[in-house]
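Enquirer: Residue strings, one per chain:
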Amino acid sequence: MIDIIIKNLPILVVLTPLMMSLIVVLISNNFLSWLLTLFTTLITFIFSLLLYQEVYLHTAISYALGNWVPPLGIEYLIDKVSIIPIIIIALISFLATFFASKIMPAEINNSSISKVYSLWLLAIAGLIGLVTTGDAFNLFVFLEISSLASVALVAMGGQKDKQALVAAYNYLILGAIGATFYVIGVGLLYGITGTLNLADLSNRIAEISDNKALIAGFGFMVIGIMLKAAVFPLHIWLPRAYAYAPSAVSVLLAATATKASLYILARILFSVFDISDNLVTYTLQYIILPLSILAMFAGTIMAIYEKDIKRLLAHSSIAQIGYITLAFAIGTKASVAAGFIHLFNHALIKGALFMAITSMGFYINKRITINNLSGLGRAMPITFVCFVICSLSLAGIPLTAGFISKLYIIKASISADGIWIAFLILASSALSVVYLWKMIEALWFHESPKVLNIKEKPEIYIALLMITFLNIYFGLDASIVVNSSFEAANQLLGVQK
Amino acid sequence: MISSTLGVWNYWIVFFLMMIGLFLVIGRKNLLKKIVGLTIFQTSVFLLYITFGKIQGGTPPILNNINETVYSNPLPHVLILTAIVVGVATTALGLSLVLRINSEYGSIEEEDISAQDLIDYHDLIETSKKISVKFKK
Amino acid sequence: MDKNPILRIATKILFAPIILFGLYVQFHGDFGPGGGFQAGVIVASAFILYAIVFGLEKGKELFPLNINLFLLALGGILYGGVGIVSMLLGDEFLSYNVLGSSKQAGQHIGILLVEFGVGLTVSNVMIALFYAFVDFKSSNGETK
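Chains as they are written, first to last, in my numbering: chain A, 5 to 501; chain B, 104 to 240; chain C, 2 to 145.
Please note that the accuracy of each hint is not assured.
[Unchecked claim] Pairs of lysine-lysine residues, derived as BS3-like cross-links and limited to a Cα-Cα distance of at most 30 Å, are as follows:
id: 1; chain 1: A; residue 1: 415; chain 2: A; residue 2: 106
id: 2; chain 1: B; residue 1: 157; chain 2: A; residue 2: 216
id: 3; chain 1: C; residue 1: 104; chain 2: A; residue 2: 11
[Said to hold, decoys possible] Pulled from the structure, derived: some chain A residues nowhere near chain C, Cβ distances all over 12 Å:
id: 4; residue: 62
id: 5; residue: 306
id: 6; residue: 465
id: 7; residue: 487
[As the list claims (entries may be wrong)] Taking CB as the label site, the calculated pair distances span:
id: 8; chain 1: B; residue 1: 136; chain 2: A; residue 2: 454; range: 45 to 51 Å
id: 9; chain 1: B; residue 1: 218; chain 2: A; residue 2: 476; range: 43 to 49 Å
id: 10; chain 1: A; residue 1: 434; chain 2: B; residue 2: 110; range: 55 to 61 Å
id: 11; chain 1: A; residue 1: 481; chain 2: C; residue 2: 71; range: 45 to 51 Å
Hint data in this document are derived by calculation from the structure and do not stem from the laboratory. Where a beta carbon is used, it is the ideal one built from N, C-alpha and C, also for glycine.
Go ahead and model the full structure; you've got the sequences and the hints to work with.
Expert: Here it is as structure tokens:
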């Protein structure tokens, strides 16, 4: 039995949530459906840890679906690169499910809770599948599974706030355009090379030079994925989708959804295409680098002027995605590794911040704006302390996870002769302190208009404590994350240099 | 030049449909028309793939025991079958969202909806401001 | 519409042949064009036709929502189940070779079950979509 599990781990990590989502939808008892979801995400997380062990003890695992040998059949590929997003998604989905126990029934009608958990598992399965698969078209299918499930989850917020429906609609339309662009790109590349396997594709692309269809295909794929990853000018769908989704869904999506797409972006740029190719170099230098810098500032400034806290955090996500793409755009091994470190840490930070804010919203039972935060910090000390720690982590204060990732990004940019980039990163981080302080000030120093009598519930703050602990832990001992990220960068950029 | 441009007329059809679809999605303010545009856009991609799969003189890819038969490429058709299913799911989800938006907002015009949203958003901030002002007194 | 005798009788006559045709497309998929997706839509069209002509209430009597949801999930589980069985028999996910006594028999059983799962899910998704859209009640509609 253990043999079978170990052998089939790459598919099990996708299949478990996918199959369980079909079973959860049939369960009418809400608590039971939550418990089953929690159990499923736990199993998935254990599988992902086993995969980590396998990848590091042995080598990359290539799994032939249906026993069809890779270039022809669909291949599931787990290597040192893809294991990082898999672990992030599995970990966050477990914590978010744990967090959802009390939050979800407060916002969703009783009759639709098991359906929401079914969609929830479907979204997780889609995201993990997206990362696992080594087949360009299979990737599209998972892209759509995850995004349609997330759209439906966001729309569930419509039971409380009608704006969620519009947010979900925009997410759907832009997501579908992004996915269709990606498919056009894949189609063009398939037309030239005759293969859909990502590894095989990269070999065959290396043989072709100077083909216009290749350039067009590359452009379509990259734009499509950038739209999904909410890279700066293509981020329009993100703030509203995250802000009006049900609380638990915001936590899950904010921490995981764009991360998977960012991983795909890195994969296309560095693994399918070659970084020594002019096409990729120019894209990185003249498109992604300036856009990332704009994203850092635009996101932060939009966050400073934002009054609605969930939207504020979503805007700050755009800035943080900017850091990650910036790190990718510098294009050295150290910087790509730094990008992966931030990919991991940002998932922890943003997940924790959304958890803290939405649990405050749960207790006062209305939308959180900057004005009704007053005095909440004193009323719920545990949530507040977690919120402050994670804010410090976001700003990049030492001893937190955020510091490690900022440190590595800055180090990488300096070693790549980009001292001005390092300055811009520092400036944007300093600006981010403005909106973080704005929230902390309101939480602690403003007095509440009425006496708040809030008793914090352990079901809600335990998940928050766990994720905050991880934030501190990976700030103190980042060796695992840093080493894995450098291994990933080595593998992505591999041969040259 | 002209013959090579017109010779690939199938790609022109794809291109034409793609642009119509994309224009409808971006240019129309009506949520329903956007979905129509999205469907046309996706259909153009289906045609793009099918075009790749056609080989001149190719027969359907079913084994017929004759040597040196040229078969058309079946793989794009299979891929598009999947893509069609994805497209159906997208359309269904989009239409159901439009229905819900219509029942909540009473309109499916983008301008009406964003006007209502803006009012709601200002209400949210203003009311909470009033509370904190009252307290300071 | 349920008052019109032509529609009623035509539907009653057509109902069984449509399903039969759906099943033909379903199982003919092994040897020629056809398969679960197409068959699922055809089978669903029979139930949708019934619901259009006799009304949604009668349609739901014939094919209740909970059975619909159950079959919808069952189709997916059947598909995944074939994969899990092939894993338990010691081969890769969805590897049909190990399912039967010989490779050919295994392939045959595997594709039959998988396509049946697909057909089940597709037909039930179609019916569920139809029910959901027809049954949609506007929140303003009741007050106006």
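Enquirer: Output the numbers, in ascending order, of every earlier hint that fails for this structure.
Expert: Of the numbered hints, just 1 does not hold.
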